[in-house]
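Student: Chains A and B supply the protein sequences, listed in that same order.
Numbers -14 to 289, taken from my numbering, label the letters of the first sequence in order.
Numbers -14 to 289, taken from my numbering, label the letters of the second sequence in order.
Check each hint, because a few of them may be wrong.
Copies of the same chain look alike in the list, so a pair counts if it works inside one copy or between any two.
Each computed BS3-like pair below joins lysine-lysine, with the alpha-carbon atoms no more than 30 Å apart [what the hints assert, rightly or not]:
1) K230 - K23
2) K70 - K230
3) K266 - K96
4) K147 - K185
5) K225 - K23
6) K23 - K70
7) K19 - K225
8) K19 - K230
9) K243 - K159
10) K172 - K225
11) K247 - K284
12) K96 - K230
13) K152 - K266
14) K147 - K266
15) K172 - K90
16) K155 - K243
17) K247 - K19
Please keep in mind that the hints were generated in silico from the structure rather than gathered at the bench.
So the chains spell out like this:
Protein chains: 2
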Amino acid sequence: MPGRFLSSVLIKYKGRKILMDCGEGTQVSMRVLKWGFKSLDIICISHGHGDHIFGLPGLISTLANSGKRNPLTIIGPQGIGSVVKGLLVAMPYIPYDIYIIEDPKLPIGIKMGPEGTDLVTASSINDSNLDMIISTLELEHSCPCIGYSLFIPRRPRFDVEKAILNKVPKEIWKRLQYGESLSYGGKLYKPDMVLGEARKGIKLSYITDTRPIDDIVDFIRESDLFICEGTYGDEEDLPKAIENKHMTFSEAGRLAFKAEVKELLLTHFSPTMEDPYLYEKDILDIFPNTIIGYDGFVKILQYR
Amino acid sequence: MPGRFLSSVLIKYKGRKILMDCGEGTQVSMRVLKWGFKSLDIICISHGHGDHIFGLPGLISTLANSGKRNPLTIIGPQGIGSVVKGLLVAMPYIPYDIYIIEDPKLPIGIKMGPEGTDLVTASSINDSNLDMIISTLELEHSCPCIGYSLFIPRRPRFDVEKAILNKVPKEIWKRLQYGESLSYGGKLYKPDMVLGEARKGIKLSYITDTRPIDDIVDFIRESDLFICEGTYGDEEDLPKAIENKHMTFSEAGRLAFKAEVKELLLTHFSPTMEDPYLYEKDILDIFPNTIIGYDGFVKILQYR
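Assemble the whole structure, with the sequences as input and the hints as a guide.
Tutor: Here you go:
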């Protein structure tokens, strides 16, 4: 719509980028942000409906023109591979590899470096050696659709007293601090011999398009930012939300409340809803820390 | 680009619509115009590069949502069929037929009615029984690319004196006026027995992306509006224009001058050219009746 682009989320971390959904015009919004294109390594697609994917061909071309040469990984639900392949028929040559991950059942570990992003199997959702862990959840929409949670683990603090108490030689402090277990002078040392207690990471979750199924609550629990569809603001549109497998503002708000998230960002407004701010008061009653999304909204998430 | 969408042309005539090229975001510009979607019957594609076609999936979906049920015809160069087919893989169901015409060598006659548009073989480029005639020209770009000319023929005036002089019975005046030849009372009557001299129609031509090959001059001759690419404004970019198979402003201006068109509308500016108006003075020296295109530009063409 003029003045309201389709919903998508661009995440910048450690100099690399991850995009969530890519409707027509997403690359225009990216140009407005001026964060660049070249360092986009991962695109997470919720589902294969046009408003979430029709920006892919243009963006993939623009990435090529931006000088991108390292691989791009596209994650999506069952069937996303053939959809992407179709969209790319028009493109004769793409100067970087595109990997497709369909419906990943296990969390994906992310290691970010200056030249790109590596994807590995995440051994644990709290593995602090990884830069990020991407998990997915099957949602309930009119086609295969998945939600995403992005978790940035936080390393425990280095605890000098504990290291001394455990008689850890100074020479291996750093290696233990960064998660290595090693034998030194005939003795086995483990990271927890020098590390303080676990610290909370940063969690962002992205849920669209779906009915508010129970599984979502656990999946998004204690997110720092819960980005959620709010297709309809008016409670009278609940029958439409049920029929079209979407949510109302208050359904999203109740999920946010139950999951004790820090903040809720509503997005994916129906084109029939001209002014989502009309329903702001109602949603604030259900979940006070709610933002009604708007084009170009930017937020910095920090460790608590 | 923010503030400058990709080039395309929307033509409204007799309640129906024809679109020329459809890059990402074209449907957003169409929404801004508020001319509606449902009556779009023909899309003319110059070539299969992303900036001319990546808006197709979104537009085709929007047409479906707008209630369109009559056929859509997509005209384009050799190979456009497989490109469009690919782009549509992501769309499970389109509630109207899509016909593809690849590289039409002969002019296409257009008959417009309240419910849609019929395409017929145009027997003559001046057939005044047709609402419009679409012709194409092979251009010189880095892939198969065609230019378009849209011609709206104008019926000659009915000449009462001539009809009386030729002893045409009044009963068949109207039928002859509308182009029928018929036998009446044992005698053959032809339209030119009641019609005045030929009158000039309206001609619009659309040429992008290409080098300024000689064939273009005849093809666009005496256009009322010649819409032409001007990828580079600066004459110093001529080597780039040659390498990338595009034109500079002055090359477009010289085509306009040679072909004696009424007006030149420059479009398809390189993203590297921030302000096309910088080169306005130079192009006006070559062809004074030049408009530097901008988003949302609308022009009404009338019979002279």
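Student: Each hint needs a verdict: does it hold in this structure or not?
Tutor: Outcome of the hint check:
1. Taking the shortest Cα distances, K230 and K23 sit within 30 Å of each other only across copies (26 Å), while inside one copy they are farther apart (35 Å).
2. For the identical chains of this complex, K70 and K230 are neighbours both inside a copy (27 Å) and across copies (28 Å), given an alpha-carbon limit of 30 Å.
3. Taking the closest pair of Cα atoms, K266 and K96 never come within 30 Å of each other, the shortest separation being 41 Å inside a single copy and 54 Å across copies.
4. Taking the shortest alpha-carbon separations for K147 and K185, only the intra-copy value of 20 Å comes in at or below 30 Å, while the best inter-copy value is 94 Å.
5. When the C-alpha separation of K225 and K23 is checked against a cutoff of 30 Å, the pair qualifies only between copies, where the shortest distance is 24 Å, while the shortest distance within a copy is 40 Å.
6. For a Cα distance limit of 30 Å, the shortest separation of K23 from K70 qualifies both inside one copy, at 21 Å, and across copies, at 29 Å.
7. For the homomeric pair K19 and K225, the shortest alpha-carbon distance between copies (26 Å) is at most 30 Å, but the shortest distance inside one copy (37 Å) is not.
8. In this assembly of identical chains, K19 and K230 lie within 30 Å of each other by CA distance solely across copies; the values are 29 Å between and 34 Å within a copy.
9. Taking CA atoms no more than 30 Å apart as the test, K243 paired with K159 passes in neither setting, with 40 Å inside one copy and 76 Å between copies.
10. Taking the shortest Cα distances, K172 and K225 never come within 30 Å of each other, neither inside one copy (65 Å) nor across copies (67 Å).
11. When the C-alpha separation of K247 and K284 is checked against a cutoff of 30 Å, the pair qualifies only within one copy, where the shortest distance is 13 Å, while the shortest distance between copies is 52 Å.
12. Within a single copy, K96 and K230 get their C-alpha atoms no closer than 35 Å, and across copies no closer than 42 Å, so neither meets the 30 Å cut-off.
13. For a Cα distance limit of 30 Å, the shortest separation of K152 from K266 qualifies neither inside one copy, at 58 Å, nor across copies, at 80 Å.
14. In this assembly of identical chains, the alpha carbons of K147 and K266 never lie at most 30 Å apart, being 51 Å within a copy and 76 Å across copies at closest.
15. With identical chains, the CA atoms of K172 and K90 are never at most 30 Å apart, being 38 Å at best within one copy and 83 Å at best between copies.
16. In this assembly of identical chains, K155 and K243 lie within 30 Å of each other by CA distance neither inside one copy nor across copies; the values are 46 Å within and 84 Å between.
17. In this assembly of identical chains, the alpha carbons of K247 and K19 lie at most 30 Å apart only when taken from the same copy (28 Å versus 41 Å across copies).
Hint check: violations occur at hints 3, 9, 10, 12, 13, 14, 15, 16; the rest are consistent with the structure.
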